[in-house]
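**Student:** Chain by chain, the residues run as shown.
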Amino acid sequence: MSTKASFYLNSKDSTGKAIQRSITDINPDANKYQIVALAKGLNALTNNTYVSSTKVIREDLQVDTDDPQFWIWPTLITDVTESGDSAEIELNYLGDTRTVSVSGEGAMYYNISGQNTKTLKIAIEEGGSGPINDQTLVITLPETDKYKKATTTVTIKGGKS
Amino acid sequence: MPDVTTTTDNVRLVAGFVDGDERTIRMPNPRTGITKADIQALDSLATGVLIGDKYSSDFSGFKAASYIKITKKVFDLSNA
Chain A
1 MSTKASFYLN
11 SKDSTGKAIQ
21 RSITDINPDA
31 NKYQIVALAK
41 GLNALTNNTY
51 VSSTKVIRED
61 LQVDTDDPQF
71 WIWPTLITDV
81 TESGDSAEIE
91 LNYLGDTRTV
101 SVSGEGAMYY
111 NISGQNTKTL
121 KIAIEEGGSG
131 PINDQTLVIT
141 LPETDKYKKA
151 TTTVTIKGGK
161 S
Chain B
1 MPDVTTTTDN
11 VRLVAGFVDG
21 DERTIRMPNP
31 RTGITKADIQ
41 ALDSLATGVL
51 IGDKYSSDFS
61 GFKAASYIKI
71 TKKVFDLSNA
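Those protein sequences? They're chains A and B, same order as listed. Anchor point for the first sequence: position 90 equals 90 in the working numbering, and the numbering is continuous, going up by one each time. Anchor point for the second sequence: position 6 equals 6 in the working numbering, and the numbering is continuous, going up by one each time.
Hints were generated in silico from the structure; no laboratory data involved. For glycine and all other residues, C-beta sits at the position ideal for the given N, C-alpha and C. It cannot be assumed that every hint is accurate.
Heads up, simulated EDC-like pairs for lysine to aspartate or glutamate below, C-alpha to C-alpha not over 20 Å straight-line [to be verified]:
{"id": "1", "chain 1": "A", "residue 1": "4", "chain 2": "B", "residue 2": "19"}
{"id": "2", "chain 1": "A", "residue 1": "32", "chain 2": "B", "residue 2": "58"}
{"id": "3", "chain 1": "A", "residue 1": "17", "chain 2": "B", "residue 2": "9"}
So the derived list for chain A, only partly shown, Cβ under 8 Å to chain B, looks like this [claimed, not checked]:
{"id": "4", "residue": "13"}
{"id": "5", "residue": "23"}
{"id": "6", "residue": "24"}
{"id": "7", "residue": "26"}
{"id": "8", "residue": "30"}
{"id": "9", "residue": "34"}
{"id": "10", "residue": "35"}
{"id": "11", "residue": "37"}
{"id": "12", "residue": "38"}
{"id": "13", "residue": "45"}
{"id": "14", "residue": "46"}
Start from the sequences and build out the full structure, keeping to the hints where you can.
**Tutor:** The structure is reproduced here in structure tokens:
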């Protein structure tokens, strides 16, 4: 992730006309006192009247270390409350559908369908009928010749309080 | 509509960075009588705020300043 910061210097001229200057590439960690001091210092070189300054931070998630080949976003469509219910999870990831694997913790059993689509249906059984505990599942996309391995977790809320 | 020509006065500062990079900051409507000391006084204010746009290099000081006039001509491209 890269972070870019800038500030706007707002001023007005002798006729009252608003003037805005953008000063780009500033230190994202610069505090407001530093920014206001510099903005006022620059404005003092002009005939304009200082009005205000605004710091702007822009974060770009799609550069540097974030590689979309590693991304998988799960969305829980239906939750479960009782043993035997099916949770439905929509998976979003780059590229063609792939066969996912599911693992989790605790004593539970899965009956999984839709492993090679982008919508998983997982029936969760936990030792008979009745309410179940929350279940945290680990969903893994295997590595292929085009895409790298991707892993995510999703928690299905059970009916036990 | 005829072509429109406008001229604005500016003060242009050249900011230097530790990696050797530099960039300009232009302020319109400058006051008269700006001195070298006025520019140098900005060095301490810009330190820790301005960074280089290539490698986020630290600011090393303002290296130059000048009054400039910028003339802008907007051409009339409408059909005659």
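**Student:** Which of the listed hints are not met by the structure?
**Tutor:** Nothing - there is no hint that the structure violates, so all of them hold.
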